[in-house]
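Protein sequences, first through last, are from chains A and B. Under this note's numbering, the first residue of the first sequence is numbered 1, with each subsequent residue one higher. Under this note's numbering, the first residue of the second sequence is numbered 1, with each subsequent residue one higher.
Accuracy of the hints is not assured; some may be wrong.
A pair holds if it fits inside one copy or across any two, identical chains being indistinguishable in the list.
[As the list claims (entries may be wrong)] Cross-link-like lysine to aspartate or glutamate pairs, in silico, DMTMM-like; alpha carbons within 20 Å at most:
1. K290 with D206
2. K182 with D256
3. K290 with D310
4. K182 with E161
5. K290 with D245
6. K61 with E161
7. K290 with D212
8. K182 with E205
9. K290 with E276
10. K290 with E52
11. K182 with D127
12. K290 with E48
13. K61 with E48
14. K290 with E241
It is worth saying that the hints were derived from the structure and are not from the lab.
Residues per chain are reported as follows:
Protein chains: 2
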Amino acid sequence: MVPMKVALVGTGLIGLGWAVVFARAGHQVALYDADSDQAESALRRIREILPELARLGLIDKDDDPAGRMMLCDSLEAALAGAGYVQESGPERLAVKRAIFADLDRLAEPSAAIATSSSGIRMGAIADGLEGRSRCLVAHPANPPYLLPIVEVVPAAWTAPEVVRRVRAFLDDAGQVTVLLNKEVDGFVLNRLQGALLHEAFRLVEDGVATVDDVDKTVREGLGLRWSFMGPFETIDLNAPEGVADYVDRLGQMYLDFALQRGAPEPWPPALVETVERQRRALLSDADLPKRMAWRDRRLMALAVHKAQADEGPGS
Amino acid sequence: MVPMKVALVGTGLIGLGWAVVFARAGHQVALYDADSDQAESALRRIREILPELARLGLIDKDDDPAGRMMLCDSLEAALAGAGYVQESGPERLAVKRAIFADLDRLAEPSAAIATSSSGIRMGAIADGLEGRSRCLVAHPANPPYLLPIVEVVPAAWTAPEVVRRVRAFLDDAGQVTVLLNKEVDGFVLNRLQGALLHEAFRLVEDGVATVDDVDKTVREGLGLRWSFMGPFETIDLNAPEGVADYVDRLGQMYLDFALQRGAPEPWPPALVETVERQRRALLSDADLPKRMAWRDRRLMALAVHKAQADEGPGS
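This is chain A alone, in the form it adopts within the complex (with noise of 0.2 Å):
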C-alpha cells in the first residue's frame, strides 16, 4: 500500500466513516465540508470512534490515525494534491452535479473521483463533464469501518483503467469491493434488502408474525448464514448436489412463494403504523440513539470474530 493523499468531500455520516477507514490503512487524509461546524463535529466524533476500534483491535493500539487528518478550509486546499476524492455530500442530483462540477475543475488531473451515492447514477451526476471518465460510484454500507463492502458502479463511460485502480485502492484499504456491470437503481445491496423487506412487510401485514418474530426468524437463523456465506454459497450447500440441484429440488416452491404475492403494492401507511408501534413497543423513542451505539459495538464485536474466523483453519 503506498500512502497518499485522500480528499472527503462532506462530512457527515458516511464522510466521516471513510475519513475512518482511509486514516486507518495509513493515508493522508483532507476533510472538507462547506458547512465548517459540521466538519469540526465530524473530527470530534472520529476521536469517539478511533479509540473504541484500538481497544477492540480493530486498528494498531500504537497507531494515530486521527494524526493524518486534517480539515481543509477550501475545497481546493482539499484536493491539492489528493490522488483520491471521495464525495459524500447530500443525495440530490442537482447538488450533486454542481460539485461534480468543481471536483472535476480543481481535482488533481491524475485524481479518480468517487461518489458515495446509494442511489443516483454517475451516468445522471458528471455527464458533459471534460473528466468524466475519472468518475464512479462508490457506494459504501454505513459503518464503512465496520461493513467493508464498497458497491464500485462505473457510468458507460468511466475508463476501465479508472475502476481497476479505484477497486484496488479500497480493496487495499480494507473494504471489500464488488463491481456492478450496469447501471441499476439502488445497485445491489438495497435491491436486495428492498426483496426481503416487501416480504416482510407482508407476513406482518397478513398477521402471519409480528415485527420482533420476523426479526428473529433472521438473526436466529437465516442472518447467521449470510453473515459468512452470502444467499447463493448458502444454498450451493443446502443440496447434496450444489446450488442447481437445490433450485431442482426447491425452485417451484420459492416460485409459487413469489406468484402468491401478486403485483407488487406500496406500504400502506396502517401498516408502516403498526410496524412503527411495534418497535417503539419493543424500543423507546428516547432509546434508539442508545441502541444505535449498541448495533455499532455489536458490529465491531463481529467485525472482530470475522476477522478471526477469517484466518481459522481451513477458511
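Assemble the complex: chain A is given as a structure, and chain B must be docked to it using the hints.
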C-alpha cells in the same frame, strides 16, 4: 428445566440435529428410524459433533449428552413415556399422514407431537386424527443445534395450551421460537429467503453482478447487520426517527425496485446453469463436502461469538 423423555422419529440430518439439541439440554432422547442403519449412522455422526461443540464451549466439557441417547427398535419403545415427540421423516404428505396416525395412536396421551416439516401444514397432516389438537409444526433451521430459530406453526385446531407448552419446552432447551399466527406456505424463514433469492437471481440474469459479488454484498454488508438485528430493527435504527421515518424516506424507492421487476417468473434453466457454473468455478464438486464442514465450523464459531456478545454491556 425438568428433564423428560423426548422421542425423535426419523433420524436424518434434521432428526440427529434435534437429538443434539435435546440431549444437550439434559433430556433423555429416544431415537427411532424405520431404517435402523440410518439410526446407527445418525448416532455415529452425533458422536463426531459433540466433541466439536464441547471444544468450543457450546456444551459442558464434563457432560456426556450421548449418554442420554438411546436407539429404539420400535416406535412403541421410543414413544413409551415420552412427553414430547418430534417427527423428522420424509417431506411427503402421504408419508407424514401415515406416521402421524401411528404417532397419535401410540404416543402417551399427554405428549405433544411436532413435525419438522419445512413446507407441509399440520392442517393437512393430522386432520381427522383423534389427538390432532396436540399436533403442530416445529420447523427448525439446519443444523438446529447451531441455528436456534424454530418456527412454531399450529393448525387451526391445535390447542393453545399445547402451543404454549411446546414453545416453553423449546425455548428452555435453548432454541428461539417464533409463533406463526396463520399457516402459510414456506412459513417465515423460507418466504424471506425466497424473496431475496428472486432478486439475487435477477441481478445475475441481468448481468448486473456475478454470483460471488452478490454473495459478497450480503456477507460483507447486509448479512452482518441481519445476523444480530433482523430486517426491521435494521431499518428502525437507520433513520433518525425510526422505522416510519425510514419508510417515509425510502419507501417509494423500494416500491420502484419491486415495480421494475414485474411479474415473478421461474428461474430459467440457462440462468440456473450460469449460477451453477459460477459456483463450481469458486468451489469444485469434490470440495462441496469439505466446504459444508467449514460452514458448520463457522456457524459454531459464530454461535460462540453471539453468546459472548449477548452477555456484553448494553446488550
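Each hint, compared with the structure:
no.: 1; hint: K290 with D206; result: neither (32 Å within a copy, 41 Å between copies)
no.: 2; hint: K182 with D256; result: between (29 Å within a copy, 18 Å between copies)
no.: 3; hint: K290 with D310; result: between (30 Å within a copy, 16 Å between copies)
no.: 4; hint: K182 with E161; result: within (17 Å within a copy, 54 Å between copies)
no.: 5; hint: K290 with D245; result: between (45 Å within a copy, 18 Å between copies)
no.: 6; hint: K61 with E161; result: neither (36 Å within a copy, 56 Å between copies)
no.: 7; hint: K290 with D212; result: within (19 Å within a copy, 35 Å between copies)
no.: 8; hint: K182 with E205; result: between (34 Å within a copy, 12 Å between copies)
no.: 9; hint: K290 with E276; result: within (18 Å within a copy, 44 Å between copies)
no.: 10; hint: K290 with E52; result: within (16 Å within a copy, 37 Å between copies)
no.: 11; hint: K182 with D127; result: within (16 Å within a copy, 52 Å between copies)
no.: 12; hint: K290 with E48; result: within (15 Å within a copy, 43 Å between copies)
no.: 13; hint: K61 with E48; result: within (14 Å within a copy, 40 Å between copies)
no.: 14; hint: K290 with E241; result: between (46 Å within a copy, 13 Å between copies)
Violated hints, listed in ascending order, are 1 and 6; each of the other numbered hints is respected by the structure.
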